[in-house]
Amino acid sequence: MSTYDPNVAPKVSNKPIIWSLFAAGGTVTALLTPVLVLLFALAVPLGILPAEMFSYARMESLLASPLIRLVVFGILFLSLWHTAHRMRITVHDFGLRSDGAAVFVFYGLAAIATIVLAVALI
Amino acid sequence: MSTKTSILPVVGSHHRTLEVEVLRYDPDKDDKPYYQTYQVPCEEEWVILDVINYIKDNLDRTLSYRWSCHMAVCGSCGMMVNGEPTLTCASFVRDMPAKIRVEPLENFPVARDLIVDMDSFVEKLSSVKPYIIAADERTVEDGTFTQLPAQLADYMSYTHCINCLLCYAACPQVNLNEGFVGPAALALAHRYNLDSRDKGRSVREDVVASNAGIWECSFVGACSEVCPKHVDPAAAIQQIKIAATGDYFINFLMPWKKSKNTDEASSGGGK
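Sequence lines, in order, name chains A and B. Position 120 of the first sequence, counted from 1, bears residue number 120 in the numbering used here, the numbering being contiguous throughout. Position 140 of the second sequence, counted from 1, bears residue number 140 in the numbering used here, the numbering being contiguous throughout.
In short, the hints are calculated from the structure, not lab data. Some clues are possibly wrong.
Stated by the list, open to error - Straight-line Cα separation of at most 20 Å, EDC-like style, residue types lysine to aspartate or glutamate; simulated pairs:
1) B:29 - B:95
2) B:29 - B:44
3) B:129 - B:119
4) A:11 - B:178
5) A:11 - B:206
6) B:99 - B:21
7) B:32 - B:117
8) A:11 - B:123
9) B:229 - B:154
10) B:129 - A:5
11) B:99 - B:84
12) B:32 - B:123
As the list claims (entries may be wrong) - Output of the computed footprint for chain B on chain A, the stretches with three or more beta carbons under 8 Å from beta carbons of chain B:
13) 13 to 19
14) 30 to 41
C-beta: ideal position from N, C-alpha, C; glycine also.
Model the full structure from these sequences, guided by the hints.
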C-alpha cells in the first residue's frame with residue numbers, strides 16, 4: 001500500500017516486473033483454459049474425441065521435443081505467476097493488510113514451483 | 001397500453017410520497033452524524049435532486065448540499081442513494097423504492113450534511129498534470145496544433161469527466177487506501193497521454209506509474225459502472241498499466257533513453 005503525498009516526490013514503481021507476468025499469464029490462461037476444459041472435460045468424456053488421443057504414451061512422446069517442453073514451461077510459468085499475483089491482490093481486497101507476508105508466501109510458492117518445473121521440463 | 005392522450009408526462013401531478021432518510025451532520029454542533037426522515041410528495045418526472053430541493057425549500061432550510069446545473073454537466077450533486085454512488089440530478093424517483101436513504105459520498109470526509117470535503121481529490125487531480133505538455137515551446141507565430149478526427153477520437157471519451165467523484169465513492173481501493181490517486185485523476189492523465197499534441201507521458205509517470213498511482217488499482221471496475229458520463233476509468237487505468245510497463249522495461253534496458261519521451265506509440269502517430 002502506498003499513499004500519494006503532495007510533499008514527497010513519488011517514485012516510478014517496479015510493479016511492471018510482476019504485472020507483466022500477471023498480464024501475460026492472465027491472457028494465456030484465459031485463452032487456454034477453455035480449450036483444456038473443452039478437450040478434457042467435454043470432448044473426451046462425451047466420446048467426441050477418442051481417449052487414446054491423450055494417452056500417457058502419446059503425451060510423453062509429445063514432450064520429447066525440447067520446443068514443446070519450452071512452450072509447456074512458458075504456459076505453466078506464466079499461469080503460476082499470474083495466480084501468485086492474483087492471490088496477493090485477492091488477499092488485499094479481502095482486507096488482510098499484510099502485503100509483505102502475502103508477497104513472501106505467494107511469490108515464494110510460485111518461485112519454488114518455477115524451480116520444480118524448470119528441473120522437470122528443461 | 002396507455003390511456004393518456006398526451007405523450008408528455010402530466011406535470012404537477014402528485015405521484016407518490018417518498019420517505020427520505022437524510023444524513024445530517026454539523027461539525028460545530030453534532031458529536032456524530034445522525035439520520036433525519038422527511039416525507040416528500042413527489043411528482044412522476046422528478047429526479048432525486050428535486051426531492052432534496054423540495055426538502056430544502058419546504059421542509060427544512062438547514063439542510064446543506066451541493067448542486068448547480070440539474071442536467072448532469074456540473075458534477076456537484078453526487079450523493080450516496082441507498083448506498084449507491086448516484087448523480088442525483090440524473091436519477092429518477094420513479095426508479096426508486098418507497099423509502100430511500102441519502103448520504104454524502106463515501107470515502108470522503110463529511111464537511112456538513114451531504115457536502116464532502118473534496119480537497120484531497122483536487123490535489124490528486126492536479127498531481128497528474130492534466131494539461132497539454134508539448135514537446136517544445138510553442139509561440140503564437142507557430143499557429144495552432146493540427147489534429148485529425150481519428151486522433152481526437154483516441155481520447156474523446158476520456159474528456160467527458162465532470163469530476164462528480166462517484167468513482168471515488170465506488171472504488172474499493174480508495175476505501176482501503178485514501179492515498180490512491182484514484183480513477184478520475186488517472187483517467188484524465190490517460191486523456192492527455194493519448195492526445196497527439198501531448199508529449200508529457202514520461203513526466204506524468206512520476207505520479208501515475210508510482211505505487212500510489214495505477215498500481216494500487218486491482219481492476220474491480222466499480223468506477224466505470226457508476227460513471228454517469230461513461231468515461232470508463234477502469235479501462236483507462238488498464239491501458240496506462242500496459243503503456244507504463246512498456247516504458248519501465250524500455251527505461252530498464254535502455255537507461256540512456258530515460259530522459260526522452262517514450263510516448264510516440266500512443267500519440268496516434270502525430271507529426
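Hints, verified against the model:
1. B:29 - B:95: 35 Å, violated
2. B:29 - B:44: 37 Å, violated
3. B:129 - B:119: Distance ~16 Å between residue 129 of chain B and residue 119 of chain B Cα, so the pair holds.
4. A:11 - B:178: 18 Å, holds
5. A:11 - B:206: 6 Å, holds
6. B:99 - B:21: Since the Cα atoms of residue 99 of chain B and residue 21 of chain B sit roughly 8 Å apart, the hinted pair holds (cutoff 20 Å).
7. B:32 - B:117: 16 Å, holds
8. A:11 - B:123: 17 Å, holds
9. B:229 - B:154: 17 Å, holds
10. B:129 - A:5: 15 Å, holds
11. B:99 - B:84: Holds, at about 14 Å.
12. B:32 - B:123: The given pair, whose Cα atoms are some 27 Å apart, is violated under the 20 Å limit.
13. 13 to 19: Coverage by chain B holds here, the residue count being 6 at a Cβ distance below 8 Å.
14. 30 to 41: This one is violated; 0 residues, fewer than the three required, reach chain B with a Cβ under 8 Å.
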